[in-house]
Structures are given as structure tokens and as C-alpha cells.
Amino acid sequence: NAGVTQTPKFRILKIGQSMTLQCTQDMNHNYMYWYRQDPGMGLKLIYYSVGAGITDKGEVPNGYNVSRSTTEDFPLRLELAAPSQTSVYFCASSLQRATLYNEQFFGPGTRLTVL
Amino acid sequence: KNEVEQSPQNLTAQEGEFITINCSYSVGISALHWLQQHPGGGIVSLFMLSSGKKKHGRLIATINIQEKHSSLHITASHPRDSAVYICAVSYSGGGADGLTFGKGTHLIIQP
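Chains A and B are the protein sequences, given in the same order.
The first sequence runs contiguously to residue 117 in this note's numbering.
The second sequence runs contiguously to residue 303 in this note's numbering.
These aren't lab readings, by the way, just hints derived from the structure by calculation.
Please note that the accuracy of each hint is not assured.
To be verified - Calculated pairs, PhoX-like style, for lysine-lysine (alpha carbon to alpha carbon, straight line, at most 25 angstroms):
| # | chain 1 | residue 1 | chain 2 | residue 2 |
| --- | --- | --- | --- | --- |
| 1 | A | K46 | B | K295 |
| 2 | B | K247 | B | K295 |
| 3 | B | K260 | B | K246 |
| 4 | A | K11 | B | K295 |
| 5 | B | K247 | A | K59 |
Please construct the entire structure, taking both the sequences and the accompanying hints into account.
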């Protein structure tokens, strides 16, 4: 199993551009999450999904959109990129809800810079 | 507000030393996670616990539910243990799914 994979690993965007961060998991997990990690700060939840067709906002959803058309894929869309979105983005998945006693598996991260 | 506090933020020690990293949280949880993030950036799960103590090799994690406190210990530390150690919790109450993370402890073990 590849686990959780993310593409791209690195990206530089200009202000106002848009892009999609890809996330795929092959563990048949229902629950998937997008977090961002800023220097000196803990990871923050952007969006999460409890299954195909179901998504919900986390702590910092502004400026992002997600979709979940399949169990495997959970892309994160940035529209009108802003410098405040410069961060490292991690996708994660788990078999059950994070609120239960349940391990999360993380992707390798995407380092995004907005100039 | 549900918060997770870690200490110390930075820790430099000599090879062989016993290391302790602390984590405290503010409200009831269903589980506490200890994660490791290497310089390359990847995050791996070390422990997940809701009570007592867990041991894996030279790593030991403990949790005191009454005091809302957990510790991660590393015995006979080695330079390869150098990484950021992150405490995260999953809350048993309502609200968004997902983990709430501490800011991490940056550990450097010098040879």
C-alpha cells in the first residue's frame, strides 16, 4: 500500500492564481482531512470529509474548497491565492472518526508559496 | 477554546540523555496522539493512548486523564531521534472532526 499520497510536493503561485492540491489514499478509509502547518504553529484543520459526497469545514476554511467524489480522492482547491496561504499542506486519512480512538495517517505534505 | 500546550518548544541534549516532552490539554478527550515529524517534513504516528502508559522501543508515552497531561519520554537518546515531536488530541465532544495539535517540540540530539 502506498498509504496517503499528495501531489505536488512543491509549488510556487502568484497572487490571484488558483490550483488544486491532490490527495489520494489506498487504505479504503472513509475519513479524510486537510491540515495546514505554518511556521511555529500547530497544524490547523481546513476541511474534512466523512465519506464520498460529504465534506465539512474545519477551523480555517476561508479561501479553500474541497470535493469528495470517490473514497480515494480528496482534492483541495485554492481560488485566488493570497500570501496568507503560504504554508505546508498535509492530507490525512483514518478508518474511523478522529473523535474516536483512531490513528490518522498523513501524506508527505505539499509546500506552497504564494508570491 | 480547546487548546493543546507543549513544553519545551526547543530542546537540545547530548546523546544518551533521558528526554521528556510534556503536553497538556484543556478539556476532555477521547485520545491523545504523539507524532513525529522529521526534517524532511513527513509526519508519522508514534502513539495513540487514552489512559495509562505505552512503550515502543526506547519511547514511552504516559497520560494522566485527571490532570489532563501527557509525557513522551525517550531513553538513551540518539542523534536519529532529532525531529519535531507533536502532541495532538481528539476531543470527545461535538464539533468538527479532526485532531487539535500542539505547536511541537523541536528536539536536537547532539553526538
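Can the restraint linking A:K11 and B:K295 be considered satisfied, given a maximum Cα separation of 25 angstroms?
Within the cut-off at roughly 22 angstroms; holds.
Is the Cα-Cα distance between A:K46 and B:K295 25 angstroms or less?
holds, 10 angstroms
Given the hinted pair B:K247 and A:K59, is their alpha-carbon gap at most 25 angstroms?
Judged against 25 angstroms, a Cα distance of about 35 angstroms means the pair is violated.
Given the hinted pair B:K247 and B:K295, is their Cα-Cα distance within 25 angstroms?
The given pair, whose Cα atoms are some 23 angstroms apart, holds under the 25 angstroms limit.
Please work out if B:K260 and B:K246 have their alpha carbons no farther apart than 25 angstroms.
At roughly 17 angstroms apart (the allowed maximum being 25 angstroms), B:K246 and B:K260 satisfy the hint.
Hint compliance for this structure: hint 5 alone is broken.
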